[in-house]
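Chemist: All chains should be built: construct the whole structure from the sequences, respecting the hints.
2 protein chains.
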Amino acid sequence: MPKKVIYIAGLGLIGSSLALAIKRGQPDYEILAYNRSQESRDIALKEGMVHAVTDDFAAFAPLADVIILALPIQQTLDFLEVLSQLELKDKVLITDAGSTKAQIVAEAEACLQDRPVRFVGGHPMAGSHKSGAIAADVTLFENAYYIFSPSSLTQPGTIEEMKEVLVGLKARFIELEAGEHDLVTSQISHFPHILASSLMEQAGHYRKDHPMTQHFAAGGFRDMTRIAESEPGMWTSILLTNRAAILERMEDFKNRLDQVAQLLQRGDEEAIWQFFNHGRELRKAMEIHKRAGVDSFYDIFINVPDEEDAILGILELLRGTSIVNIRINEENREDINGILQITFKNREDLEKSAKIVRENTKYQVFLD
Amino acid sequence: MPKKVIYIAGLGLIGSSLALAIKRGQPDYEILAYNRSQESRDIALKEGMVHAVTDDFAAFAPLADVIILALPIQQTLDFLEVLSQLELKDKVLITDAGSTKAQIVAEAEACLQDRPVRFVGGHPMAGSHKSGAIAADVTLFENAYYIFSPSSLTQPGTIEEMKEVLVGLKARFIELEAGEHDLVTSQISHFPHILASSLMEQAGHYRKDHPMTQHFAAGGFRDMTRIAESEPGMWTSILLTNRAAILERMEDFKNRLDQVAQLLQRGDEEAIWQFFNHGRELRKAMEIHKRAGVDSFYDIFINVPDEEDAILGILELLRGTSIVNIRINEENREDINGILQITFKNREDLEKSAKIVRENTKYQVFLD
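Chains as they are written, first to last, in my numbering: chain A, -12 to 355; chain B, -12 to 355.
Do not take every clue at face value.
Copies of the same chain look alike in the list, so a pair counts if it works inside one copy or between any two.
[Stated by the list, open to error] Listed below are the simulated DSSO-like cross-link pairs for lysine-lysine, each with C-alpha atoms no more than 30 Å apart in a straight line:
1) Lys157 x Lys33
2) Lys332 x Lys349
3) Lys157 x Lys271
4) Lys241 x Lys195
5) Lys78 x Lys332
6) Lys271 x Lys195
7) Lys339 x Lys33
8) Lys(-9) x Lys33
9) Lys78 x Lys271
10) Lys271 x Lys241
11) Lys342 x Lys33
12) Lys33 x Lys10
13) Lys(-9) x Lys78
14) Lys241 x Lys10
15) Lys157 x Lys76
16) Lys(-10) x Lys241
17) Lys332 x Lys195
18) Lys349 x Lys10
19) Lys10 x Lys150
20) Lys33 x Lys349
Read the hints as simulated data drawn from the structure, not as lab findings.
Modeler: Right under this line is the structure:
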């Protein structure tokens, strides 16, 4: 296929990982990159992630067959405006990597409608606790969902062409209308972040009058507030570009809390039990219990002592078995010590491993 | 010290683990147990956890120096009434293991005030995903908080005597007034359970009109709804016996959501950023980041390939290093594959381990 020039704007975790993954799938492509700060530019160049870098976004844009805006949402909106002023290659393919889609797609349609360009919104659903080109990871998108949101500037074949450019990501490509994308993510990502931060704020305030709040926070509270530690800037711009959907979820949630409060006020034991049981059934049924290529979780729980190399000893017994996940102290209502949970890919590995651990250790072994 | 007769009512996870741990600390004590179902009675007897068992609660009560009610909350309330009708040893020490304290302490005071008995409420803050005597674990309470809530029937020395009985638990004993216990736990445990189940319910309902909700639920949503899988019966009785405190937290939380909604409605970027940033600072400051005997988390993040024995290989490199925790795919905003997080007890182990992994593997290594 024809060699292409790919221009990646932004060498953060996403942009630099895109560079590595595109190169893996399309080694002949020429990859150019823009980044504001010098550090990530130098790393990308030194590590051979890209062929050339610039701190002047406009400089490389006219050279590109594909322009990928891997930038914060507000900057993505600004750069779409900049692109509308530049002389670009005919039929240049422009996309982005923002966490919200409706506003970006609308802005692209408004800025670029009269230009001979193509645009499709993009959202690679992958992230990390680290950032910058230093964290670049060619495997970042493997088995992750990569959402394409078409625009009026998306032509037949546009998305297929993007998939070809991004084939090295080994991602799960999905097409989803921008508005629907923002509704779904408001429910499973954006609003839950507000919940987590609000719960953390509430507990932080409560602690002033009830100091033991600080000490008793256990596994459940830890789980529920974990994402409150996310980077505030990104989430601020996500909220601001998906307001209506998030506000609707907040209002709906308040009504749900009111319903539970009413059950509690009138002490409706049966209805409260049904509430908890329904939530339990729903979660058990959700894809939460699935992983890429894994139909469901097969978990073994091993009561390990707090000793050096206890985990190592178990993994040595299970050598050659593929492990999906391993953790201690999760999945529990309250803090407990030393429950090692190992997740296998299938029932056979689970049962074989349980047998091995039982026969070779004195540890308690539970299956789920 | 004088040999004591301990009577444990209920051989669930808590009761049977209490039996093992009391025996570990006070091997001379005689331990009697009540359980309704035969299965756990047989296991406790066969495994030598207890000296004798009964399915008639009243039968052994008169023999006991210490009576521990390790039962569901409602049954605990009922058995306090039963105890008030029995001829017990003079100064018998009665306690419980319920997850809420005010109602149980009040019931004990009401039932037993005219009897020559002593009562102190108890709450061992430990749990597991498993139940019954089959799951009995002598280490279950190690380093866990064990709360004593005094009553009008708690005399000088009563709590000290309980600590002596329970010395084998190696728990962190704390004294906390019953009402305060219920306030603190409403914030860090009871209300968060309502949040988790409500979020799960909301997403389950949303999914009907927005099917991708099912597929995009990622790490953050998983974390926030994990406890929605807890056993409904226990949480129903917890809610019903801590209504006022939980209802107050729910009302307070709705007000917090309203405040965030107002910021969002008027697009107050600075205030939204402050909201997220404050929650982030609060969580980082909370004891969440501490474990028993561990001042703080020392985490290494290793980008491991999805290969058999990849984790084993790393632990072999780190042989002899004490590992506090190990997990994959946690602490991330969205699903990513293969970030192995290992938590060490101190900075030295962390840096030594990072050096070893960097020198002996090609994996990316991040420190936090």
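Chemist: Evaluate Lys157 and Lys33 at a C-alpha cut-off of 30 Å and name the case that applies: within, between, both or neither.
Modeler: Within one copy, since 25 Å is at most 30 Å while 55 Å is not.
Chemist: Is the C-alpha distance from Lys(-9) to Lys33 at most 30 Å within one copy, between copies, in both cases, or in neither?
Modeler: within (22 Å within a copy, 73 Å between copies)
Chemist: State whether the alpha carbon distance between Lys271 and Lys241 is at most 30 Å within one copy, between copies, both, or neither.
Modeler: Both: 24 Å inside a copy, 27 Å across copies.
Chemist: Is it within, between, both, or neither for Lys78 and Lys271, if the alpha carbons may be no more than 30 Å apart?
Modeler: Answer is neither: 47 Å inside a copy and 48 Å across each miss the 30 Å cutoff.
Chemist: Between the shortest in-copy and the shortest cross-copy C-alpha distance, which are at most 30 Å for Lys78 and Lys332: within, between, both, or neither?
Modeler: neither (45 Å within a copy, 56 Å between copies)
Chemist: Give the relationship of Lys(-9) and Lys78 under a CA distance limit of 30 Å: within one copy only, between copies only, both, or neither.
Modeler: within (13 Å within a copy, 87 Å between copies)
Chemist: Quick one: Lys(-10) to Lys241, C-alpha cut-off 30 Å, is that within a copy, between copies, both, or neither?
Modeler: For Lys(-10) and Lys241, neither the intra-copy (54 Å) nor the inter-copy (56 Å) Cα distance is at most 30 Å.
Chemist: Is it within a copy, between copies, both, or neither that the alpha carbon of Lys349 lies no farther than 30 Å from that of Lys10?
Modeler: between (50 Å within a copy, 19 Å between copies)
Chemist: Using 30 Å as the alpha-carbon threshold, which applies to Lys10 and Lys150: within, between, both, or neither?
Modeler: Answer is within: at 14 Å inside a copy they meet the 30 Å cutoff, but 64 Å across does not.
Chemist: Within a copy, between copies, both or neither: which one fits Lys33 and Lys349 at a CA-CA cutoff of 30 Å?
Modeler: For Lys33 and Lys349, only the inter-copy Cα distance (17 Å) is at most 30 Å; the intra-copy one is 52 Å.
Chemist: How would you label the pair Lys241, Lys195 (within, between, both, or neither) given a Cα cut-off of 30 Å?
Modeler: both (25 Å within a copy, 20 Å between copies)
Chemist: Evaluate Lys342 and Lys33 at a C-alpha cut-off of 30 Å and name the case that applies: within, between, both or neither.
Modeler: between (50 Å within a copy, 23 Å between copies)
In this structure, the earlier hints numbered 5, 9, 14, 16 are contradicted, and the remaining ones agree with it.
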